[in-house]
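Asker: Chain residues, written in single-letter form:
Protein chains: 4
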Amino acid sequence: MIRVTVWNENVHEKLNEKIAAIYPKGIHGAIAEGIASEGVQIRTATLEQPEHGLTEEVLNDTDVLIWWGHRAHKDVSDEIVNRVHDRVLKGMGLIVLHSGHFSKIFKKLMGTSCDLKWREQGDKERLWVVDPAHPIAEGLGQYFEIEHEEMYGEHFDIPAPDELVFISWFEGGEVFRSGCTYHRGNGKVFYFRPGHETYPTYHNKDVLRVISNAVNWAAPRHGIRQTYGNAKPLEPIKGQQ
Amino acid sequence: MIRVTVWNENVHEKLNEKIAAIYPKGIHGAIAEGIASEGVQIRTATLEQPEHGLTEEVLNDTDVLIWWGHRAHKDVSDEIVNRVHDRVLKGMGLIVLHSGHFSKIFKKLMGTSCDLKWREQGDKERLWVVDPAHPIAEGLGQYFEIEHEEMYGEHFDIPAPDELVFISWFEGGEVFRSGCTYHRGNGKVFYFRPGHETYPTYHNKDVLRVISNAVNWAAPRHGIRQTYGNAKPLEPIKGQQ
Amino acid sequence: MIRVTVWNENVHEKLNEKIAAIYPKGIHGAIAEGIASEGVQIRTATLEQPEHGLTEEVLNDTDVLIWWGHRAHKDVSDEIVNRVHDRVLKGMGLIVLHSGHFSKIFKKLMGTSCDLKWREQGDKERLWVVDPAHPIAEGLGQYFEIEHEEMYGEHFDIPAPDELVFISWFEGGEVFRSGCTYHRGNGKVFYFRPGHETYPTYHNKDVLRVISNAVNWAAPRHGIRQTYGNAKPLEPIKGQQ
Amino acid sequence: MIRVTVWNENVHEKLNEKIAAIYPKGIHGAIAEGIASEGVQIRTATLEQPEHGLTEEVLNDTDVLIWWGHRAHKDVSDEIVNRVHDRVLKGMGLIVLHSGHFSKIFKKLMGTSCDLKWREQGDKERLWVVDPAHPIAEGLGQYFEIEHEEMYGEHFDIPAPDELVFISWFEGGEVFRSGCTYHRGNGKVFYFRPGHETYPTYHNKDVLRVISNAVNWAAPRHGIRQTYGNAKPLEPIKGQQ
Numbered sequence: 001m002i003r004v005t006v007w008n009e010n011v012h013e014k015l016n017e018k019i020a021a022i023y024p025k026g027i028h029g030a031i032a033e034g035i036a037s038e039g040v041q042i043r044t045a046t047l048e049q050p051e052h053g054l055t056e057e058v059l060n061d062t063d064v065l066i067w068w069g070h071r072a073h074k075d076v077s078d079e080i081v082n083r084v085h086d087r088v089l090k091g092m093g094l095i096v097l098h099s100g101h102f103s104k105i106f107k108k109l110m111g112t113s114c115d116l117k118w119r120e121q122g123d124k125e126r127l128w129v130v131d132p133a134h135p136i137a138e139g140l141g142q143y144f145e146i147e148h149e150e151m152y153g154e155h156f157d158i159p160a161p162d163e164l165v166f167i168s169w170f171e172g173g174e175v176f177r178s179g180c181t182y183h184r185g186n187g188k189v190f191y192f193r194p195g196h197e198t199y200p201t202y203h204n205k206d207v208l209r210v211i212s213n214a215v216n217w218a219a220p221r222h223g224i225r226q227t228y229g230n231a232k233p234l235e236p237i238k239g240q241q
Numbered sequence: 001m002i003r004v005t006v007w008n009e010n011v012h013e014k015l016n017e018k019i020a021a022i023y024p025k026g027i028h029g030a031i032a033e034g035i036a037s038e039g040v041q042i043r044t045a046t047l048e049q050p051e052h053g054l055t056e057e058v059l060n061d062t063d064v065l066i067w068w069g070h071r072a073h074k075d076v077s078d079e080i081v082n083r084v085h086d087r088v089l090k091g092m093g094l095i096v097l098h099s100g101h102f103s104k105i106f107k108k109l110m111g112t113s114c115d116l117k118w119r120e121q122g123d124k125e126r127l128w129v130v131d132p133a134h135p136i137a138e139g140l141g142q143y144f145e146i147e148h149e150e151m152y153g154e155h156f157d158i159p160a161p162d163e164l165v166f167i168s169w170f171e172g173g174e175v176f177r178s179g180c181t182y183h184r185g186n187g188k189v190f191y192f193r194p195g196h197e198t199y200p201t202y203h204n205k206d207v208l209r210v211i212s213n214a215v216n217w218a219a220p221r222h223g224i225r226q227t228y229g230n231a232k233p234l235e236p237i238k239g240q241q
Numbered sequence: 001m002i003r004v005t006v007w008n009e010n011v012h013e014k015l016n017e018k019i020a021a022i023y024p025k026g027i028h029g030a031i032a033e034g035i036a037s038e039g040v041q042i043r044t045a046t047l048e049q050p051e052h053g054l055t056e057e058v059l060n061d062t063d064v065l066i067w068w069g070h071r072a073h074k075d076v077s078d079e080i081v082n083r084v085h086d087r088v089l090k091g092m093g094l095i096v097l098h099s100g101h102f103s104k105i106f107k108k109l110m111g112t113s114c115d116l117k118w119r120e121q122g123d124k125e126r127l128w129v130v131d132p133a134h135p136i137a138e139g140l141g142q143y144f145e146i147e148h149e150e151m152y153g154e155h156f157d158i159p160a161p162d163e164l165v166f167i168s169w170f171e172g173g174e175v176f177r178s179g180c181t182y183h184r185g186n187g188k189v190f191y192f193r194p195g196h197e198t199y200p201t202y203h204n205k206d207v208l209r210v211i212s213n214a215v216n217w218a219a220p221r222h223g224i225r226q227t228y229g230n231a232k233p234l235e236p237i238k239g240q241q
Numbered sequence: 001m002i003r004v005t006v007w008n009e010n011v012h013e014k015l016n017e018k019i020a021a022i023y024p025k026g027i028h029g030a031i032a033e034g035i036a037s038e039g040v041q042i043r044t045a046t047l048e049q050p051e052h053g054l055t056e057e058v059l060n061d062t063d064v065l066i067w068w069g070h071r072a073h074k075d076v077s078d079e080i081v082n083r084v085h086d087r088v089l090k091g092m093g094l095i096v097l098h099s100g101h102f103s104k105i106f107k108k109l110m111g112t113s114c115d116l117k118w119r120e121q122g123d124k125e126r127l128w129v130v131d132p133a134h135p136i137a138e139g140l141g142q143y144f145e146i147e148h149e150e151m152y153g154e155h156f157d158i159p160a161p162d163e164l165v166f167i168s169w170f171e172g173g174e175v176f177r178s179g180c181t182y183h184r185g186n187g188k189v190f191y192f193r194p195g196h197e198t199y200p201t202y203h204n205k206d207v208l209r210v211i212s213n214a215v216n217w218a219a220p221r222h223g224i225r226q227t228y229g230n231a232k233p234l235e236p237i238k239g240q241q
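Chains as they are written, first to last, in UniProt numbering: chain A, 1 to 241; chain B, 1 to 241; chain C, 1 to 241; chain D, 1 to 241.
For the record, the hints were derived by calculation from the structure and aren't laboratory data.
Heads up, a few of these hints could be off.
The list treats identical chains as one, so a pair stands whether inside a single copy or across any two.
What the hints assert, rightly or not - Calculated lysine-lysine pairs in the DSS-like style (CA-CA distance at most 30 Å, straight line): (1) Lys104 x Lys90; (2) Lys205 x Lys18; (3) Lys14 x Lys25; (4) Lys74 x Lys232; (5) Lys232 x Lys104; (6) Lys25 x Lys104.
If we strip away everything but chain A, and leave its shape as in the complex, we get:
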């Protein structure tokens, strides 16, 4: 049983009727419903909750955290960001969606600006699978399409991904590294591009399949407890000191 927490800032849904109509239970609600299955136990958490819903208890009880944010990145407290960061390094999986590229937690884990090009003009997006052996691409076709999406274009200022799973083609002439995996400490991180709030992207079955696959990929099992710091020799040393 993989324990998933879907986090959403849940701001657009309250301010904009059109968005609320697309996501009546919030983006978090749509994702939680969309990836529900037997092997997964899901809860949601949002910005307005105490500690943004991400208490020590919740995080310790989370195998994979899914993150959607956009307007309110700056309102996420540094303390919670550090707590999530620490949990990732200890083994929790993290799936960062769309505009989460500019979240504090993603920038902290990447070490770069995470900047990119964007355009809200309803481009068609076609996501090509470039690593068909990857478990995150399991069960997809050679590509899948999203009829209308916000465009994100290169250069995307991220570290070269450990594995590049998807590349997006956009109608307006751009490309984007849309599915990127990273190991950070004991934890796994997956960035997945689609999901602008004004489109019904999280009702798309291919998008949901990718998120489900990523949950399975990112979930830790037994883990390893490293030790750090001053270490006794395992073999005899002739050296001085």
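Fit chains B, C and D to the supplied structure of chain A, relying on the hints for placement.
Answerer: Below, chains B, C and D without anything else, positioned relative to chain A:
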């Protein structure tokens, strides 16, 4: 002509006679002398200088910054760290040495704890070249040795390097990824393990050769000026909005 | 249920009493017994069988193939090598053990000489986990040891692995990239170093755990059927012919 | 001084007047002229020459080999392919262009099918720089365009590149990993997509700049002479034999 700035916290050298005897001109002085050559123009900077010697002018005039720090990581101001970080993303090369693994700038660029095992017992270290095609390994033998060094052992909590150039063998039974390259934004970063302050490591010709090679590898040339943010379409879009 | 085929040239076991005493059921038998579990269905195949036991039927019914060879690499027919190669690109997992580094199938998949240094002198080997987030390292400690093994030393002439999971320390002064993952087409490949025929390495529980983990990692699920060749446009083209 | 050999099968140019009109000196001639500069010494070689113009003497005198082939891949002798392969592993750089993806030498170095989708319909191609720190992208803009080219589309069945420098956008709806680097042994390999024979691609200044940059990147300097095989211990071993 590559413009290099060698930065050193320059603390141990003032507090400890033995260290001062090994590095009478400071670690920065030894490195600056050791990598001097026709194609390189070198200056040094230290923690105690105004703005730690890393003013906007100095950084804008620097192609490659070399960083040595240990005791005083916390005394480096966040403002300067952010300035260096910004310059790396814009194209400046950065070479982080030894205990610099725990510097603010390295941790910020890596996004992980950068923790490791260590032991000050004069282990013999043998650095094996595992990527012989890499320019940073140019001119070396299959391995080189340092008679006595501080041990650093795995697990080293860093992102998987873009390229792994050296792996160290230690007498006491550990291994370490000792030469790691990363691209971050427009800039190149090289982490190189050797260089504990109590050993004459920066007088070792192989160590100096690696640092010289890394300076050449990390130096930017023409660069690329990205633009980010809202972007007009390059092709017609049928999409709504 | 993952369908595993353990392939072994099964030559040393017949020629040398000491080796036969260590592996009375052959290296393939020891591995098959050692990784037996509920979720895995295992068969073995050996060089002397018709088509080396690797008929089209067997390979089509295999999710993960484990390969041990040493003395008889040249006796494996090119036709079977091509068949295995084709199956890997179509999705079958492949785990290559120890002296399999010089097998035809591994060299064909890697594209390099796969050469290395070696020594049969019973060195102690200590395998350090350098990617603790990797599923192949699940459940291990920070390192594990093999009291006596053949030494393999760098430079190991392989492509830089997609992921480096283990680095070995050897008593005699060498290091080695001992656990290397690769995606090739739809298939996953794992090279794992230990397992010289004169030592009881495949009775070691950590070694067996790694192989079990690798079976789980390498097993394909749904897969993707690519098409290649002449492709019709998905969008209108203004271009001339 | 970097010694470059531009190899071309030189078949299309003889069979097709339109192609001969675009490349009156052959594709090899156009490239040789296009990348000529002070630091480079260039010769050409073609299929019809004895040993395809790639004698031991020529290869030993070559730092970087550029390869264009299409119709006549099967006519390249295995002996010469093995010779080139051996030279790459010993340190010679290799730049494989466009339809060279299906050459014997590229497939041998990659270990995969190197298959892809294609279409000859004059798609517009736009190559985006995704690794702006890479020396092969030096001096380019954020992207460059080729008005009409043959389309190559994913999935491109290659190993994940060590570094991905360019991604192509095609008018007809596809994407492609267009600039891929690999280290193989002591040698560096760069695959660069553009260059169908029916378009004047090798007269395009950005394309030529990329090839020039790649020549500089791929050229070996001092190199390292590895030894392989039976190795004496560097440290004392307690182990048995």
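Asker: Run every hint past the structure and note whether it holds.
Answerer: How the hints compare with the structure:
no., hint, in the structure
1, Lys104 x Lys90, "both (18 Å within a copy, 20 Å between copies)"
2, Lys205 x Lys18, "within (21 Å within a copy, 48 Å between copies)"
3, Lys14 x Lys25, "within (11 Å within a copy, 63 Å between copies)"
4, Lys74 x Lys232, "between (44 Å within a copy, 27 Å between copies)"
5, Lys232 x Lys104, "between (38 Å within a copy, 27 Å between copies)"
6, Lys25 x Lys104, "within (25 Å within a copy, 41 Å between copies)"
The structure agrees with every numbered hint stated previously.
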